Amino acid sequence: AQSVTQPDIHITVSEGASLELRCNYSYGATPYLFWYVQSPGQGLQLLLKYFSGDTLVQGIKGFEAEFKRSQSSFNLRKPSVHWSDAAEYFCAVALNNAGNMLTFGGGTRLMVKP
Amino acid sequence: DAGVTQSPTHLIKTRGQQVTLRCSPKSGHDTVSWYQQALGQGPQFIFQYYEEEERQRGNFPDRFSGHQFPNYSSELNVNALLLGDSALYLCASSFAYEQYFGPGTRLTVT
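Protein sequence lines, in the order shown, are assigned to chains A and B.
Take the first sequence: its letter number 67 is residue 67 in the working numbering, and every next letter is one higher.
Take the second sequence: its letter number 54 is residue 54 in the working numbering, and every next letter is one higher.
FYI, nobody ran anything at the bench for these hints, they're computed from the structure.
Fair warning: there could be bad hints in the mix.
In silico DSSO-like links for lysine-lysine, alpha-carbon gap of 27 Å or less [to be verified]:
(1) A:K113 with A:K61
(2) B:K26 with A:K61
(3) B:K26 with A:K49
Beyond 12 Å from chain A on every Cβ pair, some chain B residues (computed) [unchecked claim]:
(4) Q18
(5) E52
(6) E53
(7) E75
(8) L83
(9) S86
Derived DEER-like restraints, expressed as beta-carbon distance ranges [said to hold, decoys possible]:
(10) B:T5 with A:F51: 26 to 36 Å
(11) A:E66 with B:A80: 37 to 47 Å
(12) A:W83 with B:L39: 16 to 26 Å
Computed from a prediction, not measured in an experiment: that's the story for all the values here.
Cβ atoms here follow ideal geometry from the backbone N, Cα and C, with glycine treated the same way.
Full structure from sequences and hints, please.
Encoded structure:
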């Protein structure tokens, strides 16, 4: 069965520091992968997605993610974190070819120190 | 364009009651999916509706049912509520490879 693991439940970084959030997936075929962000009391906002092609994907708000098939990973990165990036981040894999049925990881809560 | 809208924002129900949650998709979107997000967890797929029919279903009991209307809007119904049904219920609408989530309905079962 498809699954997504986010090993880090909480991460704290200083403002201006770099960030990497880990995501590992289990999926039999070529996966469609997503990163979403959720601020308190808000719905989910798509940061970026990987369907095929270039394994380094650029997203909104300065985020990028790299698909590594050999490691079954899709880690999210940002070179310089802003205080407004504090939120919950979810990695997800699509269960269907349309990419609209998702299984999510448990999330990583990012806290940003001033 | 209002995006995906959900109503109500919050509601409180008692164990054993029934609840209906509503979702209006983004303009042009014909597919609606529902997710349950328990506190501190990632969302879990409940089911998806397309052309007024349930197309796929996740690992949820029959107490969870839904409906899609000709205008693509959708309802999620939960019968015989349990304390464990307390969660944020998210609706997502999609067309082709574009999907957007609504802000959710916070359901509290007491």
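Checked hints:
Of the pairs offered as hints, the one joining K113 (chain A) and K61 (chain A) holds, with about 19 Å between alpha carbons and a cut-off of 27 Å not exceeded. For the suggested pair K26 (chain B) and K61 (chain A), the alpha carbons sit about 23 Å apart, so the restraint of at most 27 Å is met. The hinted pair formed by K26 (chain B) and K49 (chain A) meets the criterion: a straight-line CA distance of about 20 Å does not exceed 27 Å. Annotated as non-interface, Q18 (chain B) keeps its C-beta farther than 12 Å from every C-beta of chain A; the closest such distance is 24 Å.
For E52 (chain B), the condition that its CB be more than 12 Å from all CB atoms of chain A holds, with the nearest at approximately 17 Å. For E53 (chain B), the non-interface assignment is confirmed: its Cβ lies about 15 Å from the closest Cβ of chain A, beyond the 12 Å cut-off. Every C-beta of chain A lies more than 12 Å from that of E75 (chain B), the closest at about 18 Å, which supports listing it as non-interface. Separation of L83 (chain B) from chain A is adequate, the least Cβ-Cβ distance of about 21 Å exceeding the 12 Å criterion.
Consistency note on S86 (chain B): stated as away from chain A, and its beta-carbon is indeed over 12 Å from all of that chain's, at 16 Å minimum. Checking the proposed 26 to 36 Å range against T5 (chain B) and F51 (chain A) shows it holds: the Cβ atoms sit about 27 Å from each other. Range check, E66 (chain A) to A80 (chain B): about 46 Å between beta-carbon atoms, so the 37 to 47 Å window is met. Checking the proposed 16 to 26 Å range against W83 (chain A) and L39 (chain B) shows it holds: the Cβ atoms sit about 24 Å from each other.
Taken one by one, the earlier hints all hold for this structure without exception.
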